[in-house]
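Asker: Chains Y and A, in that order, give the protein sequences.
With this note's numbering, letter number 177 in the first sequence gets 177, and the count goes up by one each step, no holes.
Residues are numbered in this note's numbering as their position in the second sequence, beginning at 1, plus a constant of 508.
In case anyone wonders, no lab produced these hints; they're calculated from the structure.
A hint or two may mislead.
[To be verified] Where chain A lies over chain Y, by a calculated footprint (3+ residues, C-beta under 8 Å):
{"#": "1", "segment": "21 to 29"}
{"#": "2", "segment": "96 to 109"}
{"#": "3", "segment": "273 to 281"}
In this text the structure is predicted, and so the values were computed from the model without any measurement.
For every residue, glycine included, the Cβ atom is placed at its ideal position computed from N, Cα and C.
Protein chains: 2
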Amino acid sequence: MNGAHALLRTLVANGVDTCFTNPGTSEMHFVAALDDVPEMRAVLTLFEGVATGAADGYGRMAGRPAATLLHLGPGLGNGLANLHNARRARTPIVNIIGDHAVAHQPLDAPLQSDIESVARNVSQWIRSSNAPADVARDALDAIAAARAGGVATLILPADASWSEGAQTVPAGSIAVRTAPVPAEALDLAAKALQSGEPAALLLGGVLDEATLVAAARVAAATGAKVLCETFPARLERGAGLPAVERLGYLAEFAVAQMDGLRHLVLVGARAPVSFFAYPGKPSELVPDGCDVIDVGPGRIAALAKSVHADAEPARASAARPDRPTGALTAQSLAAAIGALLPEGAIVSDEANTAGLFVAGATAGAPPHDWLTLTGGAIGQGMPVATGAAVACPDRKVLSLEADGSAMYTLQSLWTQAREGLDVTTIIFNNRSYAILNLELSRVGARTDGHAAELFDLSRPPLDFVALARGMGVDAERAETADDVVRALERCLAEPGPHLIDAILPPGL
Amino acid sequence: MNGAHALLRTLVANGVDTCFTNPGTSEMHFVAALDDVPEMRAVLTLFEGVATGAADGYGRMAGRPAATLLHLGPGLGNGLANLHNARRARTPIVNIIGDHAVAHQPLDAPLQSDIESVARNVSQWIRSSNAPADVARDALDAIAAARAGGVATLILPADASWSEGAQTVPAGSIAVRTAPVPAEALDLAAKALQSGEPAALLLGGVLDEATLVAAARVAAATGAKVLCETFPARLERGAGLPAVERLGYLAEFAVAQMDGLRHLVLVGARAPVSFFAYPGKPSELVPDGCDVIDVGPGRIAALAKSVHADAEPARASAARPDRPTGALTAQSLAAAIGALLPEGAIVSDEANTAGLFVAGATAGAPPHDWLTLTGGAIGQGMPVATGAAVACPDRKVLSLEADGSAMYTLQSLWTQAREGLDVTTIIFNNRSYAILNLELSRVGARTDGHAAELFDLSRPPLDFVALARGMGVDAERAETADDVVRALERCLAEPGPHLIDAILPPGL
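Just chain Y, same shape as in the assembly (with noise of 0.2 Å):
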């Protein structure tokens, strides 16, 4: 058995059978060996960035790694920012990369680079796999490292994939280190919610309903806050579910949300800081005289106990707005989809600026799941709407989409269409990078020059129904509210692809 073989059994066989790629020459081998392994599922990407962050959505909502295979050193460089998104997600995935055969490496050949160098920043477990004997221990400890809840690189020489004498390993032989309960902060996140004094619990990572319930819980027990992460890797929420404040992204809003906290307890976040320095502002928003207490991921059920908290908590109400009519405004659309969103619905939001209002307008409809931009690299929210239909075939994905943003990683379009995925993206469409016309005032700069017009997007003016048609997706453009609505029910309505192309107001 080659070594392509031995790593695609190993891992379909501890439950990797999604693999999301562009390959190269250096992959030949990994490709040709998939007609003996057909569990595995291969999706074809136009641009390595699709892939990573499709294998993004696929684990965040999947809760197992799925597979990139990416080609080589600019393979990696291409899903780069995908990676970092995933790694800040701490989304689990088996980040395949192609080498050149071992001898080659030496000679400096066109595509040689320093693959590990750059993995790294991205990676919590990295590996050469270089021996065809070694590949499926490889595998498994990559798959492994995967589990515990992050990015696990395994760059395969041309040469282990393409050689005889690889084996594979006996399945269920994985063991993911979890770190033991840290019952000393524990004891120490009991007393303090207990106390009486201002608390609140920060929540991040995967937020599922059985998370939020157990930390609405011990709020009602403690009278303590429960906030989350601006940027949850998954958001459960919706009607009957508890609701959770998100901390705002602008850190003013942020501080005023913990504004008097005695305590803050981080159940798998991290402590607050702003996204960005700003002249003479603090970039630490934890206010002074608030101790923060790290119980790591996956203890609220633990903390819950250790608080004896049982009561019944409280679910937010079902509750839709009405169909908006007349003109589309951010606030009108952000109506049309709070009008409309089906239950099960996952929604991958990288509406940004425009976004502002969806939040709120959807947060009384049925149960759905919520996906963020965890890193902050724009051109995340195709690609973990594309990975996200992939896992869940049965439900309705809406890509709610920053035009700016669409244009960094519009290839998902076609993956997409090729595999007949159940999603459809509204772009936000305002002709401008407006977060930056926000930012420059923030940052003390001058406004009054010609700086915005390098965040005008509107000289031309992208036409994303043509984009979309481009790339096989019916597609149509709405300019006012009716015409969302009416476009949006028939979306809806009809499985596979579709994209509405939302004219907001310019620059909002």
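Got chain Y; can you put chain A on it based on the hints?
Answerer: Same frame as chain Y, but now just chain A:
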């Protein structure tokens, strides 16, 4: 003066007056400072891979560096593949990456990453400019390093940009280090070429008329053969210029070209190795018994002098194919380009497999420049064409693009439209990653399976006319040779960007 102003003034005072960018919050002060330094032309791109590739194309044509301005580690990641290509081309680029403020970096904010370790891969020089007082001197050093031939990466923390205390340094204070002429290697090379034994020159880098004439004179004086790298950064060619034989991409062709050589003299090129390793085949292509003498880049005139090469060299005759008619094939498409290529055109060639016949069909066309895929990382051709058009506004640019490669950095079209660049793109649309069909058998993998489905771009077909129009670029589809001739004549006659979607037989 703040650091951003000092940086901009230092750049423009030293001949760096074009910046390809997609900025973010950490670059806002640089953007704001552009108002006070109108000599700097800032060119907005929709994706950093376009910015870095455009800087490459600009540098190859202008012979001096452009700047980039990228947003943190993810922006660098998005631009990494084309910086890899630029490194292989030894193109001068001042690669500026905005970073978080120095005090913000240890807080591990969402966009924090290790920029230096990623940049090291593609940079021959790298420095963080952490204090405003250092920015101008660091910028000068970066320009000097870039001019010596390569990517110089300057990391600019936001607070170095916004803080006062910077000053400019006098213009003209740049010392570009060039290596001393290696007298011994030159002597060895001259003796080898004059030995009467089979010998060849292998040229690399920017091959302008002076270089080619000197090399052809050496050939005439010594009987040596003149070869150039498979992918030179820039090659002047056409009627009236000395022709030079490019080393074949396929190793077996390159081996045949060097068969029997006893001496190989490298002038700005590296000893040839195969692009990829293949099972059981050698990666090093220099024949056994052939010595390799490296005289370094820029040494061809010295070499010509030392072998007393003053004969008039052979030059290519003027010859064009007839305008083709009938079916559109790789041959007839090449003939159309050969028949119509205007004098002084710049050709950015990423046509890959389907472009096989274009070099032959244009060998006797009026003089023109040829830019190639220097590092093998696809997605380079359209950005390079964009940057070349910015550098040379009075010349026609022809961008020859394979369909698969085009989809990597298609956002280039929008920048071409925004800037009104005179670029005509021809998509060699064979609905396939055709090179991989070839490579699958060359690596000895099974070819009787379904692997080729992963190289198939026909489901759904890409409509490049719709895609181009979606970004504001005039476009038409060509299905016959007559269509291509008519379309290309029209596009070359009308200034501004155009695209021709040339439909070739599938999988060619």
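Asker: Could you tell me which of the hints above the structure violates, numbers in ascending order?
Answerer: As far as the earlier hints go, not one is violated by this structure.
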